[in-house]
Structure formats: C-alpha cells, structure tokens
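Participant: Sequence:
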Amino acid sequence: MNPIDDENALWIIKLPKQVDTYAMARAEVMALRLARLCGITAAEAHVINDAPHFPMIRVRRFDRLGADHTGRVPYTSRRRRSWAAGWIM
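If you read the sequence shown in numbering that gives the first Met the number 0, its first letter stands for residue 0, the second for the next number, and so on.
Warning: the hint list may mix true and false statements.
Computed cross-link-like contacts, SDA-like style, restricted to lysine to any residue with a CA-CA straight-line distance of at most 20 Å [as the list claims (entries may be wrong)]:
1) K13 with D62
2) K13 with A42
3) K16 with D62
4) K13 with I47
Simulated restraints on C-beta separations [stated by the list, open to error]:
5) E43 with T69: 19 to 29 Å
6) M55 with G85: 17 to 27 Å
7) R60 with M23: 19 to 29 Å
8) I47 with R77: 36 to 46 Å
9) I12 with S76: 13 to 23 Å
10) N48 with R79: 25 to 35 Å
11) R79 with R59: 35 to 45 Å
Honestly, the hints are just simulated from the structure, not real lab data.
Ideal Cβ placement from N, Cα and C applies to all residues, glycine included.
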C-alpha cells in the first residue's frame, strides 16, 4: 500500500538498497529537481532522513487518477520507447 498525504495525493516510498555505497536517494531527488528547473516534467520527490544508514525518498505518483487512485494515466518511459525503437539493447 502506498502512503496518501493530506491532499489525497499518492506517494511511493523508495528504500535504500543494502549494497548502496552513497546516498543514492539524495542524487535521485537532486536529478528530479534539476529536471524541473530545466523545464522537464518530473515527479515531485523529497528526501526522508529517518533511515539508519542512508535516506529514503518519497515520490509523488503521477500515473493515478481519481479519489480512490484506481484510474491510470497511460505512461511509457523514455527508456521503454528507446528500446522499442531499437535504440538500446
């Protein structure tokens, strides 16, 4: 189950991997914020510093609709489209 905030927005909590050697979550949040600053549509994300070793992140779902979050927004990642076009293996 995904957490829901006071505005009824659905979020994903991403946990650090045991093999992480640096705070990957901070890098991911920074990349998402940088993308938005460059005018690229990117998910809202925040660092959560409650984990014992490395932080977690909370990412707002952009692919769900409706008050009960059962509707889906069609979405295909750039990686998937690149793979389908034969640009990456």
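Participant: Does the hinted range 19 to 29 Å hold for R60 and M23 at CB?
Facilitator: 20 Å, holds
Participant: Quickly compare the C-alpha distance for K16 and D62 to 20 Å and report which way the hint goes.
Facilitator: With a Cα-Cα distance of about 24 Å, the restraint between K16 and D62 is violated, given a limit of 20 Å.
Participant: Does the beta carbon distance between M55 and G85 stay inside 17 to 27 Å, or does it fall outside?
Facilitator: Violated: the Cβ-Cβ distance is about 36 Å, outside 17 to 27 Å.
Participant: Holds or violated: are the alpha carbons of K13 and A42 at most 20 Å from each other?
Facilitator: 13 Å, holds
Participant: Given the hint of 25 to 35 Å, is the C-beta distance from N48 to R79 inside that range or not?
Facilitator: 32 Å, holds
Participant: Is the hinted pair K13 and D62 satisfied, with a Cα-Cα distance of at most 20 Å?
Facilitator: Holds: K13 and D62 sit about 16 Å apart, inside 20 Å.
Participant: Between I47 and R77, is the Cβ distance one that fits in 36 to 46 Å?
Facilitator: 26 Å, violated
Participant: R79 and R59, beta-carbon distance inside 35 to 45 Å?
Facilitator: 21 Å, violated
Participant: Please test the hint of 19 to 29 Å on the beta carbon pair from E43 and T69.
Facilitator: 21 Å, holds
Participant: Should the hint that I12 and S76 are 13 to 23 Å apart at their CB atoms be regarded as holding?
Facilitator: 20 Å, holds
Participant: Just to be careful, I want the Cα atoms of K13 and I47 compared with a cutoff of 20 Å; is the pair within it?
Facilitator: 10 Å, holds
Going through the hint list in order, the structure does not satisfy hints 3, 6, 8, 11.
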